[in-house]
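Q: Use these hints to put chain B onto chain A, whose structure you have.
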Amino acid sequence: MRYPHLFSPITLNKLTLRNRIVSTAHAEVYAEPGGLPGERYIRYYEEKAKGGLGLAICGGSSPVSIDSPQSWWKSVNLSTDKIIDPLARLAEAMHRHGAKIMIQATHMGRRSSYYGEHWPHLVSPSGIREPVHRGNAKIIEPHEIKRIIGDFKQAARRIKASGLDGMEVSAAHQHLIDQFWSPRTNFRSDAYGGSLENRMRFGIEVFQAIREEVGADFCVGLRMCGDEFHEDGLTHDMLKDIAQAMSETGLIDYLSVVGSGGDTHNTLANCMPPMALPPEPFVHLAAGIKSVSKVPVMHAQSIRDPNQAERILSSGMVDMVGMTRAHIADPHLVIKIRDGKEDQIRQCVGANYCIDRQYFGQDVLCIQNAATSREATMPHTIEKAKHKRKVVVVGAGPAGLEAARVAKERGHDVVLFEKNDVVGGQIVLAAKAPQREQMAGIVRWLDMETQRLGVDRRLGTAADEAMILAEQPDIVVLATGGVPNSGMVPAWGVAEGLAVTGWDILSGKVEPKKNVLVYDAVSSHAGFGVADFLASRGSQVEIVTPDVKVGDDTGGTTFPIFYRRLYAQGMIPTPNYWMDKVYQEGDKLIAVLRNEYTEALEERAVDQVVIENGILPNDTLYWSLKERSKNLGVTDVHTLFASQPQPCLSEPLSGDEFLLFRVGDCISMHNIHGAIYDALRLVKDF
Amino acid sequence: MTFTLAYALTGLFWLGAALLSLGLVRRAALWRQGRAAPVALGRLITIPKRYFVDLHHVVARDPFIAKAHVAVAGGAVAVLALAALNYGLMLYLPALDALMLLAALLMLAGAMLVRARRKAPPARLSKGAWNRLPKSLLLFSIGGALAALLALSGDAFGTAAQGLALLALAGLALGGAELALGIGLGGPMKHAVAGLLHLAFHPRQDRFSGDKRSTDLKPLDLAAKDYGVEKPSDFAWNRLLSFDACVQCGKCEAACPAYAAGQPLNPKKLIQDMVTGMAAGSGPAYAGNPHPGQAGKVRQGDPHQPIVGGLLDPETLWSCTTCRACVEECPMLIEHVDTVVSLRRHVTLTRGEVPGKGREALANLRDTDTVGGYPLAARYHWAIDLNVPVLLPGEHTDWLLMAGEGAFDMRYQRALRALVKVLKAAGLKVAVLGEVEPDCGDLARRLGDEATFQQLAGKMMDTLGRYRFNRIVTPDPHLFHCLKNEYPVLGGRYDVEHHSQVLADLLERGAVPLKADAAPLPATTYHDPCYLGRYNGETDAPRRVFKGIGIKVVEMERSGRKGRCCGWGGGASFTDIPGERRIPDMRMDDIRATGAEQVAVACPNCTAMLEGVVGPRPEVVELAELVAARLAV
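Chains A and B, in that order, are what the protein sequence lines are. Going by the numbering used here, the letters in the first sequence line up with residues 1264 to 1949, in that order. Going by the numbering used here, the letters in the second sequence line up with residues 4 to 636, in that order.
The following block holds chain A by itself, in its conformation from the complex:
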């Protein structure tokens, strides 16, 4: 019996879960206007149920009150009876596949922004501003406490009425309940402040009200933090006291524990631990709480692998494992574990594209799985095509690998050309940056899948026109990527060898020098990655960017990780500067910088200038094949965006006719998700 603990059922109150794997509450950013789950929302969860998970807890931070705004991040709104029907549809969909479904309910207190929907005045125990969300708040008054407790009770009624299996209340990441708990935010002197007993009062009243509404048999959980990691915040010992007390109230059926507070940019980055952090970095906090808890304990944070999950359970640290991002990357995770197909799991790499999008107010998408949350249009399981075709894919970066994978899954004969000896394209370089090694996991899965499926892979083969045509293809997909766009400004002197590219450094082609200026015109992960690569090899690095801050386009849980390394290694961040030119003076290079706002010029004397300016498409093959192809290389965007087959696919091909398409950076620079989505949405209909 493999994974005896992972697949051992557990009963929470009267709710029996078929296994110990949970998709814990997270913000999806999928709800329809008004905060109601629609088809996209339901299908996103239903896919996980089909995939075999035990329990999903949806609706991360779903507010119970109208003064806790939800619309600006499309959260589920539990403050209205309109929620009952959509949740009932969700419950029915999940139960059809044997999974259980709960929802998280909360009041965010100060952890929000007032500028939206009703323009509320946020409430918090002592009116202290929340830094991350600029959450200006007022001091909560007793009548508001009473109203909000009543709101929780109403939300509980709606949840139970909808047929959901339970309700989780959040007191983690500084929501209203733990704002009362935390000495960082509660300076009250009334019955809700001071002693621990007083600080816990609000939370207990909330659970009493809920229990009064739902009765003894309904599953009610509490999500809490295991340590806020703030000098003035809740410590692990305090939280153990709280956990023990809460578990002894008899009001709660399980505790879900996460590590780290989240009211500063730096602590927030811990909450969904990115790839830079070790696996399961905070499980010890959950284990500590389990040591005092009277109810089962759940823990999620970087548990992405079945063996890791089994080990955590078998060592008795927790009772249930959250594998939430793991499910975003592969909703069929559990079935693959169950069926011994672990090698086929598209494993989360912790790139945090999902959560970083959320912090930009965008819907959660997976960097590597373009079907996630697009279940209505994009398949997780690719069906076989009726007619077999010959498909030639050129380029084995993420777009080309995905195109080849999907085409092969469709049952076609697939030849994949790659000029390098290894697959992965630009991700191979991305994974060279310090603490970014796990990016290679994205390639690993595509690499293994294309091999498992039997794609005819011609590595180390730079395909030319003749080679492609010799395959007598029905369809040619170009995924030839691009080259660094470092010649955009001739005065940078790349052609003269004055400046080099990030690729030159990461690939090892150019040795790092002592004093280096990294000019990052796009502020993505690439620029900081190369700067970090240089700094960690002993270079003195200054990062210059015209953007408002270094790494500006990297997201709320990623830039803090970069900044930890930036300051720890003494790199110099210089935002708001353009680089006009580079020239040689003696044995030094002089970089001329221009301030975006004052236009004042400055100079830097350095040993090396490294440029990160994005990608120019590599489109030579496209232009040489375009006129020969039946569709003239045209991708019909109307059908593409509507997730429908390209019209030219239904026309018969005669003789040596073929269709030509492009995906990914060889059209124009996108990111990894963009490349993979390009390939999936096009090739799924081949």
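None of these hints come from the bench; they were simulated from the model. Just so it is clear, CB atoms sit at the ideal spot from N, CA and C, and this is done for glycine as well. A couple of the hints might just be wrong.
[What the hints assert, rightly or not] Okay, derived cross-link-like pairs now, DSSO-like style, lysine-lysine, Cα gap no bigger than 27 Å in a straight line:
hint, chain 1, residue 1, chain 2, residue 2
1, B, Lys550, A, Lys1647
2, A, Lys1604, A, Lys1277
3, A, Lys1277, B, Lys427
[Said to hold, decoys possible] What follows is a list of derived Cβ distance ranges for each label pair:
hint, chain 1, residue 1, chain 2, residue 2, range
4, B, Glu622, A, Ala1905, 31 to 37 Å
5, A, Glu1355, B, Glu622, 52 to 58 Å
6, A, Gly1413, B, Lys427, 43 to 49 Å
7, A, Pro1697, B, Pro619, 37 to 43 Å
8, A, Leu1716, B, Gly213, 52 to 58 Å
9, B, Ala123, A, Lys1649, 49 to 55 Å
10, B, Pro619, A, Glu1355, 53 to 59 Å
11, A, Phe1904, B, Lys427, 38 to 44 Å
A: Below, chain B without anything else, positioned relative to chain A:
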């Protein structure tokens, strides 16, 4: 002259009869070293039917040798019978001589066929004395024909007659000696006498009656301190007799999966080892293939010395998968598996020397009621989200689903889930026992631990006795076999069906809602589980299931009752005796040879063994999974 030959023939006949009788007495003394057996002498009258029906049924599978044997044996028996009548009783009737001539010519024809086979003998045949046999048969048949011809011809041969008569007598004497001395000296023709007696006194009398196959292991009387067989003399006398029936044709050898895998077991040699033990000494020269890896090893046998460690290496015993391919093939109806299990029982019960993981499995069974040492509560974890009712005492269900040990295997859980899905879709009222379901004891019994088997069986029967159900369905052929065939003698009688039988019936009744338009199904072959096919003769139901869901099966050469074992049976996957190849790998080669993209299985253990074959290979799919995939959602 004629009369001289006639008298000589009379003398020769009675001399031969006397020698044969003496030989039989001598051989019978060896058999009688064995324990008593409850068979009556009156069984002798069953010989003709058992010979012409049961034995011939097996022999007829090889038409060439069947024809040869009919001619040789039929001719020889006729010659002997006519000789007894005409010369033994001194009737000297020419008409009988004429018949004898015909019989001898028939035998001659047969002997020619036998000789032809021996010219390029298959590897499985023993050589040595057995290579001499066609010559003896030729001599005897020519001698007989010549003698009859001389007797009929009067003086036609003139002066040549005397010389010819001497030749005829010499032929008959030399050829006849093979038979007359064979039984006493243990030569090849021993098989004729011992074989016929074996048919009468066969240790499994139920093999010849009723519609059920006799494949159940018989319980040991543990209270009477019967711990199986240690020494040759511990076998029942008719078991010793059965070993003497062996003709060393090697059909068992050719069918044995362990032998093919290069594990140290050749079932033919095993039977000859028993003969050696019974007859003491190093036995008559054995000129067949050895136990693999043991060529040239000379063993001393003694009827009163332990077999294992002396005559046999323990590894030989533990290589057997109890798949019954040998028994199925044996034209002399010898029961190899009984022999192996009897020997295993003594080793296990008195010394506990079970190799590999066998000992651990037995300890697990004793301590946890499961082979793998699992908590019983975990047996139905896979069903938690399928809402299968757990039967409570006092409640009643039509069908009781018993998952067996396969329920702890995550791969097999997929099959179980599929089965439940199908049974529910067909509207069957199914329940399970949940955490009270114990182990049926199959593995313990095959590993020789009869005590643990009887304990487990007792527990199982007690448990089942507390619940009310009409019928049992199980996808596990081992569990099926135990419940159906091995429990009745212990007092447990259940109406039990293998899931293939239930599925076949449901499909034929149209009770399973199937998808209307079927996607093209991949080429499929089917691997018969030994405990379903050979043990229970059920090769039809799974094929009816395939038919019911529109799958055309590409059959393997070794399929149905001739199916090749996956390597699990008899605890062989636990004792894990090294060979040159793995049995499941060979089976996968059989599967590959059909060109099928997937192989259907109908047993948790076959599933595990075939899934364990590494490298690119056809998919392994359980029968229920195939049906579930065709369910109309």
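Q: All hints, please: hold or fail.
A: Hint check results:
1. A distance of roughly 24 Å separates the Cα atoms of B/Lys550 and A/Lys1647; the hinted pair therefore holds under the 27 Å criterion.
2. Note on A/Lys1604 and A/Lys1277: the hinted pairing is violated, with a Cα-Cα distance of about 32 Å set against a maximum of 27 Å.
3. A hinted pair counts as satisfied when its Cα atoms are at most 27 Å apart, and A/Lys1277 with B/Lys427 qualifies at roughly 25 Å.
4. Take B/Glu622 and A/Ala1905: their Cβ atoms lie about 36 Å apart, and the range 31 to 37 Å holds.
5. Checking the proposed 52 to 58 Å range against A/Glu1355 and B/Glu622 shows it is violated: the Cβ atoms sit about 33 Å from each other.
6. Judged by the Cβ atoms, the range 43 to 49 Å given for A/Gly1413 and B/Lys427 holds: they are separated by roughly 44 Å.
7. Take A/Pro1697 and B/Pro619: their Cβ atoms lie about 39 Å apart, and the range 37 to 43 Å holds.
8. In this structure the supplied range 52 to 58 Å holds for A/Leu1716 paired with B/Gly213, their Cβ-Cβ distance being about 53 Å.
9. Between B/Ala123 and A/Lys1649 the Cβ separation comes to about 54 Å, which falls inside the hinted range of 49 to 55 Å.
10. Between B/Pro619 and A/Glu1355 the beta carbon distance is about 42 Å. The supplied range of 53 to 59 Å is therefore violated.
11. A C-beta distance of roughly 42 Å is found between A/Phe1904 and B/Lys427, which places it inside the suggested range of 38 to 44 Å.
The structure is inconsistent with the numbered hints 2, 5, 10, although it conforms to all the rest.
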